[in-house]
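Trainee: So the sequences go chain by chain: A and B. Here the first sequence is numbered in our numbering, starting from 1 and rising by one per residue. Here the second sequence is numbered in our numbering, starting from 1 and rising by one per residue.
It should be emphasised that the hints constitute simulated quantities derived from the structure, not laboratory data. There's no promise every hint is true.
Unchecked claim - Calculated cross-link-like contacts (lysine to any residue; reagent style SDA-like; alpha-carbon spacing at most 20 Å):
hint: 1; chain 1: B; residue 1: Lys209; chain 2: A; residue 2: Ala126
hint: 2; chain 1: B; residue 1: Lys211; chain 2: A; residue 2: Pro125
hint: 3; chain 1: B; residue 1: Lys209; chain 2: A; residue 2: Met129
hint: 4; chain 1: B; residue 1: Lys209; chain 2: A; residue 2: Ile122
hint: 5; chain 1: B; residue 1: Lys240; chain 2: B; residue 2: Gly100
hint: 6; chain 1: B; residue 1: Lys211; chain 2: A; residue 2: Met129
hint: 7; chain 1: B; residue 1: Lys240; chain 2: B; residue 2: Leu18
hint: 8; chain 1: B; residue 1: Lys209; chain 2: B; residue 2: Ser132
hint: 9; chain 1: B; residue 1: Lys209; chain 2: A; residue 2: Asp131
hint: 10; chain 1: B; residue 1: Lys209; chain 2: A; residue 2: Pro125
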Amino acid sequence: MPSLVHPGADVAAARLTDLTYWYPNSALPALDGVSLDFCDGITVVAGPSGGGKSTLLRVLNGLVPHFHGGRIAGHAQVAGMDIVQTPTRNLARTVGFVFQDPELQAVYDIVEREVAFGLENIGFPAAAMRDRVDEALAQAGVEHLAGRQVRTLSGGERQRVAIASVLAMRPRVVVLDEPTSQLDPEGASLVISAALRMSEAGRAVLISEHRLERLMQLAADWVVVDGGQAERRDLAAWRSPSTPIRAVRTAAPGADAWSLSGVTAGPAGRAVLHDVDLAGRRGEVVALSGPNGGGKTTLLRVIAGTLAPLAGTIERRPGRIAYLPQNPTALLHRPTVRSEVELTLDRTDDLEGPEVILSTLGLAGLSERYPRDLSSGERQRAALAAVLPGRPDLVLLDEPTRGMDSFARAALIQVVAQLRDAGSAIVLATHDSELRDALADRVALVRGGNVTEQRAVRA
Amino acid sequence: MNARAVAAWSVACVFIVLVTTNPAYKLVVLAAAFVTLLASAGIRRMRRLLIAVTCIGIFDAMLNFVSAHVGRTILFALPDSIPALGGAYTLEALAFGVSGGITIAAAIFAAAPFSLLLQPHDVMDALPNALSRTGTAIAASMNLLPLVVTSFGEVSEAQRLRGWRPRGPASWAEVVVPVVLTSVESSIQLAESMEARGFGSTSRSAFRKAKLEWEHWLVIAASGLAVVLFIAAHAIGGAKDWYAYPSLMAPQIDLPGLVACLLLFIPVLMWPRRA
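Chain B extracted, bound-state conformation (with noise of 0.2 Å):
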């Protein structure tokens, strides 16, 4: 798998799902990424994923259909007096909130790939040689994550059989603190060990530089073909925009703009499955 493809593939669903104000191309999006995704990565994989995105996605609905009282379709209404929560609350508003949430998990689907389909050298191997040492320099610097996540289990760990109870926010220094320190000296240690290697003596070469075959072209190439195609419809007056408000209607759907974000699904055919 290519970081250059993927990249390509993300901007496209990513800029798609953001251009248009249409929930029906965005769900097409939505589904494009969704199906990529698990057809590559599998469900599995994808289970806290899919979890995490299913509660922002409610949680960015209920939101506007909790604060957005507008709308003529009144479902029902709560007493103005209820401060924040009191108003009518509308179909339009739901529609609108669901619409968002759409959006918002077609977009953390579409970048989903850089962390479940890809190593961090397959993302350095695709970087242009001036951008090697940032890269680096970030990659080395994930590494340390998990040993941030492992530092805390241990240390509130043990410093509850020393005596330590949670009681406010800042009897969480002697857990945080700790944690803090440690991760700081991980970072030390980790830019010694670098620096011991020769990390910035000069220009870098690589081990491997990403090559893109034909299938990754492809994508790249449907991919670009889906924005320029979703650009030139709504230029024309297709791929319309969709209004939520003031009342409710369907979302119309045209030829030009469904091939676009159809394109997106040839990912699907073309990335294989990561165990």
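With the rest of the complex left out, here is chain A (with noise of 0.2 Å):
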């Protein structure tokens, strides 16, 4: 049985030494040669995408090398236990790991047994199971939600459930997958405080994000990971990104390219949307903002046409549209990135090759890798690139930033400038303000399923 060790403040919570490992059927290191201690407080793990942090995070718990296979080298302690050595569910109190997709961590469907499952595994007493879970909801700031079903929870309700089921466990560590990828600012701004909870706590908290603004505000460390390397920097080092450059426009905005007029639709024919009266222009950038559930995606399957309105009218004009859904990963089938952007060419009539999407949206590197192998930023450039070649003349793209580092973002809106240049009518629903400041002419905030605000944004 490995020791239990509580270290104190300057004790490491967490030590990996010289530790390298290879995924299954990989040449090359994911994590090369890595040399950290993690202490209390919150740690931010920043860097690029496909740069190896969900790598380095799956270590601690032990999910990287005992669930996902391959080789590792070096050693790996977390609060005393030699990670290669200790199997995953047998680190579980030690070590609880939040992911970033909330719709998949959910194994029960109300939320207080949801919390309890942790418990539940490693036999915890059924008596005192109650004012653990109460203590955990508490902890993550969701006791009122103690009774809900969980199917019925915002993504960032559901994200904070999570973390309260790791929290049950009363675990030593914390560590959080880009939690707040998939939430908005509200949602967002929820998780952290959270984390923050947590760290007060006398816990080790370590977050993976992109956005790092309000998180290194609260951050005791700061460790980068690119190429599988990883590095502690200072924190008095980091600068705030400088305010986003706006695209320049060459070329203005021309005439009508769609329009809803007084539209109600939803699904299974119920209403989701409401009276909604909005239109867009060739050459011109709408951006749809508001909290998650407010009616973005469906009011963006209405402007493609896939979702027929309950009542109003739709004009569009004819031509070719592209549309990135929220969950882009869902479109890619093929064996590499490249074949993904040359089955969309091959429908249009267009002659140029997949080199410059795949280029200027930072794949070139990758365009023979299975793009399901990618990591969820790298995977969501590459369903950008499956979608937008071949001229579009409307495009809409949900929360296409998602899990994007800057760089990526930065090629993001260097590629829709250029469609919107060469006359594409383009509707963004996101929660980027960054992508919003750089892109829109005008934004629409969509909340409860109505266009509450548009506002012209000024160039």
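With the hints in hand, could you dock these two chains into one complex?
Mentor: This is the structure:
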């Protein structure tokens, strides 16, 4: 039985020593000679997509290598336990792990049962379980959700329930892998507040994120992972990214491209949007903003013509539509990234080869890779490359920067600006204020199924 | 609502409709199952099930009517030269088919409380400790089913906008392959999440174990009594079976068999209405 150590503030909660890891059938290591200590407080794990952040975090609870297989060299310890020698399920009491997608973590249908799941797994005494569940719900700030059905919760609420479910086991270390990437600003803020409470309670909290502004104000430590190598950086050296430069327009917006008039719409005859009036022109970028569940995706589907309105009228100029769904990975099924792009190009009369979009989105080096083997940010770019070529007349992008690093976001802004200047009408549904600021000509606030506000953005 | 009581009642219903060939008893069990569901779930939640059961029942009755050309009461006949359909169409074949349809409908309604009235955790709470881990894995995988349906809609929509059109079975690969791959990835992520929370580390404890209250015991007792009474009645020459062929006769019904079936109405009084 490995000894359990409760380190003090200056003692590492987790320690990696010259750790190298190869995924199965991979010649190149995903982590290469990583040596790091993680102490109490919040440690921000940053770095580009595909750099190895998720792999590093998964080492800490043993999912790498126990769940994913592959080869590992070097040493890894958490709270005095040898990670390589201890199965993940036994590390669960010590390391809590919250994943990126809140929809794929729930086992039970009721919140309090979901929070109790880990306790049941470790054989925690039933008599004391209720108190422990209540304590965890309070720590995560979701005690008011105790009896709710998980499927009725928003993304932010679900993610905090996931946090409560790991806190119930009173772990020494809590790891959050891009926990806010799918959340609206309000949901993200609540998750970050929960992380702060965890660190104040004396836990080591590791968070991988791309949006660092708020986290860096709370962080005790900062680690950058890139190309499989990790290094600790001085927090004082971190600088907030400069205000995004607005993509310069080379052509003025043209004629009307699409319009909704008095549109009420929703799936299965249930109205999600109510009496919406909205329009866009060729060469114009309209950004849809607003909380999760407000109706942005439904609005995109109505504009695309894949969801018929229950009332009202839609007018749309004929032409090709490029649509990036909220879960872009679902599109990808070809053996390489390049063949995904070629599939779309084959269906258009565009003579442009796949290289242009691949290189613009920084995918040239990944073009022969299997798309589903890529990191989440890289997959997002691959999906964009798959839908955007061929000079579409209407471009509809649902949360296009999800999981993207700053480089990828800059590349996306460039591509969208080119399409805009070439006359494409563009609609973005996004929580990303930097993307909005860089591209949007108009912002429509979609809340509770209504477009409650429209404002033009000064160029 | 206790899943063990529901299971006892469901088993009793299914047992009686399968063990007897008498459509009168089957009809009473069907009525018990239908009324119980109606009282607990309400007609709105039953609507899809009702349509499905009606279609299946009618299909089963028609299948026998069309395929079993036996019986003395000929309603009409088609020339023997017509493949599969040719021959005499008899009242006996129709009656036997209807009886089969009632059997299927009663069995489906009897099993329906597991999906319409119980939540997955209700079933898991009722499982013995030895099955707890298996039950958890099944409940978790059931959570993925709605995601697969959603994924199918999303993928077909997105591929259509990417230029895909359904042209024969091979073209569906462009939709089916991503849906399958996404489902597999979702399963792996869920498994990762379960593993990370200690699933499989030791014997599981339970947040709550289902307790059997008196009303649950009453349903279990009534269900058990229904089965015993029906078997006993059958053993002493009552609860007679029924045969449609060669000539149609009215099914006989006697008090012990009827009482056994009527006991299955007990949950109507015991089970609360679920919103």
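Trainee: Now tell me if each hint is right for this structure.
Mentor: Here is what the structure says about each hint:
1. B:Lys209 to A:Ala126: Within the cut-off at roughly 9 Å; holds.
2. B:Lys211 to A:Pro125: holds, 17 Å
3. B:Lys209 to A:Met129: Since the Cα atoms of Lys209 (chain B) and Met129 (chain A) sit roughly 12 Å apart, the hinted pair holds (cutoff 20 Å).
4. B:Lys209 to A:Ile122: holds, 17 Å
5. B:Lys240 to B:Gly100: holds, 17 Å
6. B:Lys211 to A:Met129: holds, 17 Å
7. B:Lys240 to B:Leu18: Given that 20 Å is the threshold and the Cα spacing comes to 14 Å, the pair holds.
8. B:Lys209 to B:Ser132: holds, 11 Å
9. B:Lys209 to A:Asp131: holds, 16 Å
10. B:Lys209 to A:Pro125: holds, 13 Å
In summary, this structure violates none of the numbered hints.
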